[in-house]
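Colleague: Take these sequences, add in the hints, and give me the full structure.
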Amino acid sequence: MENLIFLVFIFVIAAFLGVELISKVPSQLHTPLMSGTNAISGITIVGALAVCAIQATGTLGMILSFLAVILASVNVVGGYLITDRMLGMFRQKNDKDKNKNKSGEGQK
Amino acid sequence: MIINLAYIAACVFFIIGIKKLGRVNTARQGNFLSALGMLIAVVAVFSEREVADSWNSDWIQNGYVWCFIGIAIGSLIGIIWAKKVKMTGMPELVALFNGFGGLTSLLIAVTEFFKSPDGGDAVNAVSIGLTILIGAVTFTGSVLAWGKLSEKITGRAIVFKGQKSINFLFALTALACIIIYVIPFIDAEVKFIAIMSLVAISLIAGFTFVLPIGGGDMPVVISLLNSLSGLGAAMAGFIIYNTVLIVAGCLVGASGIVLTLIMCKAMNRSIGNLLFSGFGATQAASKGGAQTEPKSVSAEDAYLVLEAAQSVVFVPGYGMAVAQAQHVVKELAEKLEANGAEISFAVHPVAGRMPGHMNVLLAEADIPYEQLKTMEEMNPAMPAQDVAIIIGANDVVNPAAETDASSPIYGMPIIKAHEAKTVFVLKRGKGRGFSGIENELFTMPNTLMIYGDAKATISALAGEFNN
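Chains A and B, in that order, give the protein sequences.
All letters in the first sequence, in the order written, are residues 1 to 108 by our numbering.
All letters in the second sequence, in the order written, are residues 1 to 467 by our numbering.
Treat the hints with care, since some could be wrong.
As the list claims (entries may be wrong) - Listed next, the in silico PhoX-like pairs over lysine-lysine satisfying Cα-Cα at most 25 Å (straight line):
id, chain 1, residue 1, chain 2, residue 2
1, A, K24, B, K20
2, B, K152, B, K86
3, A, K24, B, K19
4, A, K24, B, K373
It should be emphasised that the hints constitute simulated quantities derived from the structure, not laboratory data.
Every value quoted in this text rests on a predicted model; they were computed, and no experiment measured them.
Modeller: Structural data, given as structure tokens:
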């Protein structure tokens with residue numbers, strides 16, 4: 001029971017922290033923020049790995065947890081990479097003037 | 001001990017990462033930090049004693065082997081998708097990733113159910129039940145959203161009679177199933193049936209929850225599903241008593257809710273109204289046929305106006321994404337700038353199919369983000385603008401939202417493009433917008449329509465500057 005209270009406590013604090021962190025984000029960054037937090041929600045990979053590695057649940061459980069590991073890995077790796085790719089495009093104007101010759105690339 | 005410290009470190013990385021993600025200059029670094037946190041968490045879980053004790057010399061029985069195979073396969077798929085996806089396809093990819101997150105939580109919960117078919121203690125049972133519910137709803141809801149966004153199925157709202165009562169019934173049944181699982185003295189077989197029904201009902205409920213939501217409301221749905229995928233992860237954390245899952249999941253859940261509320265505010269609608277009314281389906285009261293036909297103009301004539309313009313504002317919408325017009329828009333903007341005009345882009349918070357969708361596309365086209373203005377920044381300057389060019393946006397510039405109390409979008413804050421001296425509206429054809437609402441802007445005296453594919457029209461305009 002004490003354990004549960006502790007977990008609930010963490011949950012509530014994290015909720016407030018999350019609201020505080022996100023409220024000030026400018027709308028320009030909403031998409032990267034969403035895909036970045038989406039990658040964080042891939043933290044389920046930790047759960048999936050724990051369940052898959054312990055292997056306490058027979059063949060069916062093994063198959064399900066193996067699937068879970070694959071899906072979570074897609075979510076984590078894909079999520080972080082796509083966020084990074086997107087953020088690479090958000091550059092300031094002075095950076096852009098430096099490599100102006102590059103700007104023609106995208107227009108093909 | 002060390003493992004718990006590692007989990008705390010991972011949480012700290014996530015928190016700093018999200019904080020840095022909120023500023024343009026540090027966003028990329030923030031994303032990297034949060035990825036680092038993930039790596040720490042993954043390494044830590046492999047060193048947990050219970051996990052390490054499960055080491056088995058027979059490789060088929062060895063969970064580690066399967067974990068690494070799974071990570072390898074998943075990472076490969078993730079890398080390929082992340083490299084291949086076009087920026088216009090971002091909303092559907094995020095929707096799909098949300099779905100994967102939901103399905104992962106669902107699978108973890110079902111596996112844990114097999115481990116304790118009698119439910120174990122109440123906390124464990126409730127956590128398993130809730131994780132199944134949230135995970136399954138997130139999964140099928142996201143898959144349907146993905147289908148709608150990638151236009152594999154119609155993006156329009158699908159509403160049928162009794163939808164609300166059916167959803168209510170689903171919620172009640174799901175609750176009953178969880179209660180059956182929690183009560184200690186009920187037979188294990190009954191519990192098995194209850195949990196399987198819970199899985200089935202939750203999967204169906206995910207569909208019926210997203211079905212009545214139209215394409216224009218997708219930014220809200222994606223935010224909400226994002227939030228749910230985080231909550232699912234947090235619930236899974238309660239099952240396996242893992243703090244890092246709870247913290248990270250809860251952070252995502254909270255951020256998704258904040259984004260959802262921001263989107264709702266930008267549409268002046270309550271979340272309940274949005275989820276249950278089927279916006280795209282509510283038929284706009286057609287206002288008599290007395291309206292004048294919109295004036296249209298050719299690209300050549302439009303060029304003459306643009307050439308003389310000192311200030312030009314672009315208002316992009318989902319149509320720009322569909323036409324993949326962001327690169328030619330950039331070209332035109334550069335030509336106009338070289339011609340001495342001041343350029344800005346007015347981005348409505350709900351333009352496109354996910355929060356911030358337009359900003360990503362414009363950034364992809366290398367448009368400096370200093371030129372990107374929010375609705376609040378742009379509106380006061382609007383009457384001073386010589387030309388407003390509307391590219392595939394509709395409801396977000398509809399003055400009816402301000403003037404016509406009978407309009408379904410009345411009260412929604414808009415970009416006041418109609419206050420510019422001349423307004424060009426680039427549109428594929430005559431017909432209404434996604435929401436099916438007449439747009440008064442099109443028939444205003446200072447508005448000129450340029451029909452045709454947005455990309456072709458803008459290239460034609462940019463081409464005129466070369467001659």
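Colleague: With reference to the structure, classify each hint as holding or not holding.
Modeller: Going through the hints against the structure:
Taken as a hint, the K24 (chain A) and K20 (chain B) pair is honoured in the structure, with Cα atoms around 11 Å apart against an allowance of 25 Å. Taking the CA atoms of K152 (chain B) and K86 (chain B), the gap is about 17 Å. The hint holds against a cut of 25 Å. At roughly 9 Å between alpha-carbon atoms, K24 (chain A) and K19 (chain B) fall within 25 Å of each other, so this suggested pair holds. A hinted pair counts as satisfied when its Cα atoms are at most 25 Å apart, and K24 (chain A) with K373 (chain B) qualifies at roughly 16 Å.
The structure meets every hint from the earlier list without exception.
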